[in-house]
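2 protein chains.
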Amino acid sequence: MKPIILTGDRPTGPLHLGHYVGSLQNRVKLQPNYQQYLIIADSQALTDNYDNPGLVRDNVMQVALDYLAVGLDPKESTFFIQSQIPELYELTCYFLNLVSVARLERNPTIKDEVRQKNMKDAIPAGFFCYPVSQAADILAFKADLVPAGEDQNPMIEQTNEIAKRFNFLYKQDVFKEVKSMVGSVGRLPGIDGKAKMSKSLGNAIFIGDSADEITRKVRLMYTDPNHLKVSDPGTVEGNVVFDFLTIFDPNKAEVEELKAHYRRGGLGDGVLKKRLTDVLENMIAPMRQRREQYQNDPEYVREILRVGTANARQVAAQTLSEVKSAMGINY
Amino acid sequence: MKPIILTGDRPTGPLHLGHYVGSLQNRVKLQPNYQQYLIIADSQALTDNYDNPGLVRDNVMQVALDYLAVGLDPKESTFFIQSQIPELYELTCYFLNLVSVARLERNPTIKDEVRQKNMKDAIPAGFFCYPVSQAADILAFKADLVPAGEDQNPMIEQTNEIAKRFNFLYKQDVFKEVKSMVGSVGRLPGIDGKAKMSKSLGNAIFIGDSADEITRKVRLMYTDPNHLKVSDPGTVEGNVVFDFLTIFDPNKAEVEELKAHYRRGGLGDGVLKKRLTDVLENMIAPMRQRREQYQNDPEYVREILRVGTANARQVAAQTLSEVKSAMGINY
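Same order as they appear, the protein sequences are chains A and B.
Each residue of the first sequence is one higher than the last, beginning at 157 in this note's numbering.
Each residue of the second sequence is one higher than the last, beginning at 157 in this note's numbering.
Possibly wrong hints are sitting among the right ones.
Note: identical chains are not told apart, hence a pair may lie in one copy or across any two.
Listed next, the in silico EDC-like pairs over lysine to aspartate or glutamate satisfying Cα-Cα at most 20 Å (straight line) [what the hints assert, rightly or not]:
(1) 373 / 277
(2) 273 / 165
(3) 298 / 329
(4) 408 / 232
(5) 267 / 410
(6) 267 / 277
(7) 320 / 207
(8) 327 / 214
(9) 276 / 261
(10) 327 / 204
(11) 480 / 207
(12) 185 / 393
(13) 185 / 453
(14) 320 / 204
For the record, the hints were derived by calculation from the structure and aren't laboratory data.
Quick caveat: nothing in here was measured; it's all calculated off a predicted structure.
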């Protein structure tokens, strides 16, 4: 049996190259050798978008299209919608009894998000508890691995604590340890040079972007603000065009030569931006094409989600039944 | 249509006369004129008994037997097991997004229980969130009334806050206000004179107690410790035998005479205890008989629970469907 991976996204917007570099690319690579469950985490998205469920609803489909666009294959991976698996809510509620309020308060990821989102004294209880809901997702599918950025490690720790506590309290080895799997490439900067590409910062290139949008966004890209004339020496570090070329340009040797040339002076931003536009267009064009093809057949995408969710639900139901049997509440 | 009542008990032990006086008696009285949903709240009991689910499991049946014993009629009222209605978990999770952590921290009932149960820094998150789960129970059945002691009023307030916030956020009047219904008789003291009858304090007379147990417990009952000789004047206040006679003796006039006599002196505790034993035995005997009859037919009781739970589930599923439709997440 292939090792099991649980991974996914909150459907709060279409996915962009930050997602591609951080996880989607890796998922496509892992696809043949792992049983991947791809969760479209709409319930989790609602914990801080409860006042805008329409946004979440609309983006369920967008995320599914992005998955298909990058080459995730529903025949190999299981696409599913979190909210359509009631067993996950039930597991969440049982697991909430195994975690103290103080433990949730100490979760560094939650602390960071509360700060970033300026929630202060209005932290929704559902948001506060979402690490437990995430543990339920991971444990329901008995995942061996969860691909996660370093900021997600506290979530994996919380999951393993719940798993151990459950096994200990109910004297059965229902759950095993899950391991995190840190992706090879880290974070992609936004086109404005900010540390993180993000839809809400308006600095993202999306997986479905048109050729014109790519051209426009690369043209806006942050380079070296002191590189005024072509003949001036330029700085490569913190220069987003070079960051992108380093990651996306298949010809690594040429990129190194370009960096040396830029540092010496005599290489204009325009030339580099043209090159990057071509590189991105070459990569995105087939994705965009697949995305459009599936977008024109929404019934087929819905069928993929229906079948995937039904399959995922069977697995979650089996786990829930083991959980209830271990707890002795299977009346 | 009859007004709807939601009421019930945590199955952590068999029910006693404190429950009878505080709520069961009232439920029997209300039965003909209300649609009563009787929740056996095992999921809620697990929030602070997660380390002993066997206790909860065993007492689901005991509570059902007690309901039948006191005269609650499954043809008129709906008996159901909370954990067997997954829709309640789902509603709980959606409602958790509508309540802030700070609001839960302010709940006075939770604060009291945390103190009483000495939970300190190990408050289970499930326990912390149970007011929201209780709101889900009440709102799932669109109860008009919830019979509740005064210490439960914060729960009703929390429920109404969630209902209002839901209707406001999702722009539909899915929920209406629920009202609390305070019972006529308050709290029954324990046989030891402590303020509250409670299984854990070991001062309870149970609905299924045998005649011998009743005799023994009344004999142990706290009276006036300074009433040493029959001829001594005695104190009626805080004298548990008189507390019980006042509540349970059908002959109110005679009880008043006995009080006067006791105050004057010349009336022994033995006489009073004999009278109370008879009063309690007269009341409990038919309950005990019904309890034994049903206990000998567990399959019939299970069938009552199965049918009741199935009926309750239909109602909860209908509400959940309205909730998801209002939120626009009914994919």
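Each hint, compared with the structure:
no., hint, result
1, 373 / 277, "neither (38 Å within a copy, 51 Å between copies)"
2, 273 / 165, "within (18 Å within a copy, 40 Å between copies)"
3, 298 / 329, "within (12 Å within a copy, 40 Å between copies)"
4, 408 / 232, "neither (31 Å within a copy, 78 Å between copies)"
5, 267 / 410, "neither (43 Å within a copy, 66 Å between copies)"
6, 267 / 277, "both (12 Å within a copy, 18 Å between copies)"
7, 320 / 207, "between (35 Å within a copy, 14 Å between copies)"
8, 327 / 214, "between (43 Å within a copy, 19 Å between copies)"
9, 276 / 261, "both (13 Å within a copy, 14 Å between copies)"
10, 327 / 204, "between (36 Å within a copy, 18 Å between copies)"
11, 480 / 207, "between (33 Å within a copy, 13 Å between copies)"
12, 185 / 393, "neither (29 Å within a copy, 80 Å between copies)"
13, 185 / 453, "neither (26 Å within a copy, 60 Å between copies)"
14, 320 / 204, "between (29 Å within a copy, 19 Å between copies)"
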